[in-house]
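Taken in sequence, the protein lines are chains A and B. This note's numbering numbers the first residue of the first sequence as 1 and each following residue consecutively. This note's numbering numbers the first residue of the second sequence as 1001 and each following residue consecutively.
Simulated from the structure, these hints should not be mistaken for lab results. Among the clues, some could well be false.
[What the hints assert, rightly or not] If you anchor each label on the Cβ, the simulated ranges turn out as follows:
1) B:E1442 / A:A92: 30 to 36 Å
2) B:G1088 / A:V38: 41 to 47 Å
3) A:S170 / B:P1219: 54 to 60 Å
4) B:E1117 / A:V100: 57 to 63 Å
[As the list claims (entries may be wrong)] In silico negatives: residues of chain A with every beta carbon more than 12 Å from chain B:
5) L71
6) L178
7) T208
8) Y232
9) G327
10) V335
11) D341
The beta-carbon is built from N, C-alpha and C at its ideal position, and this holds for glycine as well.
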Amino acid sequence: MSTRFPTFQNVEIRESLLNWRLLAAVGLFVVLALYPAVTGNAYHTRLLAWMMCFAIAALGFNIVLGYTGLLSFGHAAFFGTGMYTVVIVMNATGITDLLVLVVLAMIAAGVVGAIIGALSVKTHEIYFALLTLALAQLLYVLAVRDVGGLTRGTDGIGVSRPDFFGVPVSELSATVYLVGFYYYVILTFLAATIVALWFVLRSPFGLTLKMIRENETRAEMTGVPVLRYRLYSMILSATVVGLGGALYAIVVGHITPEYLDWTMSGEIVFMALLGGIGTFLGPVIGAGGFILLQELALAYTEYWHFTMGLVLFVIVLTLREKGVWGGVKTLATRVADRRDDQ
Amino acid sequence: MPYKRSGLSRRGYLKGAAAVGAATTLAGCALLDDDIGDEGDVDGIPDEPFRIAHLTFESGPPAFYGEEAANAVDMLVDQINDDGGLIGEREIEIVDRIDEDAGPDSLISDVQSMAQEGDVDMMMGIISSAHALAVAPEANDQQLPFLVTIPGTYQLYEENPDMDYVVRTCGTNAAGAIGGVRMVEQMDDVETVMTHDHDYAWGHDHQEMFTSALEQVRPDIEVIDSRYTDLGETDYSAHVSAIADAEPDLLFSSLWGGDTATFVSQGVDGGMFDAVGEALLVGDTGAPLLRNLGPDMPENVWLGGRGGYQPNYRYDEDDGHQAFVDDYYDQYDQLPGWGAYHEWVALQALEQGIERAVSIIGDWPNDEQLMASMHDLSFETPHGQHTMRGPQAAAPAVFGRPTDDHDFPVDHQLPTDFEFIAAADVNPPEDVPTMDWVDEIEPL
Chain A
1 MSTRFPTFQN VEIRESLLNW RLLAAVGLFV VLALYPAVTG NAYHTRLLAW
51 MMCFAIAALG FNIVLGYTGL LSFGHAAFFG TGMYTVVIVM NATGITDLLV
101 LVVLAMIAAG VVGAIIGALS VKTHEIYFAL LTLALAQLLY VLAVRDVGGL
151 TRGTDGIGVS RPDFFGVPVS ELSATVYLVG FYYYVILTFL AATIVALWFV
201 LRSPFGLTLK MIRENETRAE MTGVPVLRYR LYSMILSATV VGLGGALYAI
251 VVGHITPEYL DWTMSGEIVF MALLGGIGTF LGPVIGAGGF ILLQELALAY
301 TEYWHFTMGL VLFVIVLTLR EKGVWGGVKT LATRVADRRD DQ
Chain B
1001 MPYKRSGLSR RGYLKGAAAV GAATTLAGCA LLDDDIGDEG DVDGIPDEPF
1051 RIAHLTFESG PPAFYGEEAA NAVDMLVDQI NDDGGLIGER EIEIVDRIDE
1101 DAGPDSLISD VQSMAQEGDV DMMMGIISSA HALAVAPEAN DQQLPFLVTI
1151 PGTYQLYEEN PDMDYVVRTC GTNAAGAIGG VRMVEQMDDV ETVMTHDHDY
1201 AWGHDHQEMF TSALEQVRPD IEVIDSRYTD LGETDYSAHV SAIADAEPDL
1251 LFSSLWGGDT ATFVSQGVDG GMFDAVGEAL LVGDTGAPLL RNLGPDMPEN
1301 VWLGGRGGYQ PNYRYDEDDG HQAFVDDYYD QYDQLPGWGA YHEWVALQAL
1351 EQGIERAVSI IGDWPNDEQL MASMHDLSFE TPHGQHTMRG PQAAAPAVFG
1401 RPTDDHDFPV DHQLPTDFEF IAAADVNPPE DVPTMDWVDE IEPL
């Protein structure tokens, strides 16, 4: 039996588009878009770019965990595939156009997702988690071993800055490239991912995934091809996570096999848990919160591993699958209810 | 014991440095863009201390190496400051210590932050080669001076040849691997060899360089097996048994740190060292390994690596080395290991580079001049003149046998019967890729 999560309110899309959350989201994106130009702070811009790439990955991961009810410990395979595809394609073919590279990375991650999914969707819970972990580790080992001379082993491989539709933006300095161009590419992709997933997960496809998550037997009895839908969710999830990886490869500029390792899968799970796997936007908040927490912990204490573990412990213990974002929403609802009562 | 940085007077030193500076090419070109000032006319020394951010492992398996590095940096910075600071006029402040275990994502963000905030004058340190390959190009892009002190990957400058803001003061891993080959080259009774290395780039690079070069210089020797283990491995029993069963004439290993101690200890217990003719441990092995092993160290072992970083190596001949070892022992109750030595050498390069720059331009150097001033430097270290070829050091290889026969106040063995192999024999000529050179290396 799959893990149970709170059901999502089945609201009309039209109503959703008019509610305060949408306006708040638009406002947030405007702030994010203006931030680099207003502050000129390259460090914060890089930090935000880092958060947004992992927000995309965590959103993608949540398709499988939050919507389909499958806990994967192999999503680093998709993230790393996205990263390595960018650099390998650049080096092997000379393609330097950002969009082409990103699309190829998404396709490659989707293919890996299809393979891992096909081999693992028949299993459940701990078996699914371990199988995805094991399959992902195979990719990690291939990267460590530098099979085919593609990855340069554990020393990793540097990534050049790509151009954009033939415009030689790669000739800009690293900071100008990030602050003046690449940050907006990531922001656009994040917005597009949120919008696309919002509609996809509220479409019959998304509702079917939730149905599988809530009661697999009932879904099967109503004629839903459960395994096929699980596979679809893995492919969609892998493609989105691969997008996050592809975008992040250019932010970090150097790729090592650690991005394919199970510890990276663990970080993505951590992000989703921290933000709230039972919510749509929780993973976005979780990715930002995780990176911010890590940076703050690193800045203020040498016991940063302990701090991170403690925070996760408290979050899981107190907020469970709702995470920070779900907790905030619950708190807001309670405050509103109390105000109504008064 | 006070820290003896130089036996020369400052005036004499500056004259010598100026002479060296005039003879250099790259460094000289960058520096001579500015007016040459008089020695006594040093303007523009900033009032605030020279701020360094130190990158090292504070957690994770390599933290033992990082602890030595941090200890050495703290001690040496205090000593430099007691003497008035850099060129006796500007103190150093370690403004931040960054844990490498946070990974390249955080490290690169830190670089961006430091470059932007301008609250750091230079980064130094770093242990992991993968981290160096990620961080150094970023630091260069951000024009933030970065003194790389420990990672040995030969790819750092071969992949990034044009880094004006990055200098590496340690030798590459070629020195250890090819140093091992030069040792075997002299061993007439070796016919079979086994290798045992870490299962990541450091280990694979060593294995590849060692076996490729050995095939060139001693084609009569057969490499019968190459084995790998993970970093942080705790159980070597299968490898110990395999090596003992194979009875090779020589065992080559680039394992480093605590892993070497665990491997050797389990090898002793499993009778491995009775079965092999000689063992050659090139992974920066020395005093810390011998301290960990106590009396268990077998006799048929050569210890060493890229540099003569053993506390008793040329201890009596080099006052600076003697002072460093004594001070480190007084402060930390143990002899310095390779992590400490690498930082000591780096800080010497920094001091001398700045003295040289000031002697030429008569002013405090800007960031690019600061890094250029360390190019092609040469200064005294335990293995003689430590020579920078352009922005990175070319270290010799030094190996020794463990012995109880020493006068140091420690109850463990130390290496002796040292073999020194010159830097020119264990490093490729300038501008020749390391693996190209290894594939065509000539016997000595």
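Hints, verified against the model:
no.: 1; hint: B:E1442 / A:A92: 30 to 36 Å; in the structure: 35 Å, holds
no.: 2; hint: B:G1088 / A:V38: 41 to 47 Å; in the structure: 45 Å, holds
no.: 3; hint: A:S170 / B:P1219: 54 to 60 Å; in the structure: 46 Å, violated
no.: 4; hint: B:E1117 / A:V100: 57 to 63 Å; in the structure: 36 Å, violated
no.: 5; hint: L71; in the structure: 24 Å, holds
no.: 6; hint: L178; in the structure: 9 Å, violated
no.: 7; hint: T208; in the structure: 36 Å, holds
no.: 8; hint: Y232; in the structure: 31 Å, holds
no.: 9; hint: G327; in the structure: 27 Å, holds
no.: 10; hint: V335; in the structure: 36 Å, holds
no.: 11; hint: D341; in the structure: 46 Å, holds
The structure is inconsistent with the numbered hints 3, 4, 6, although it conforms to all the rest.
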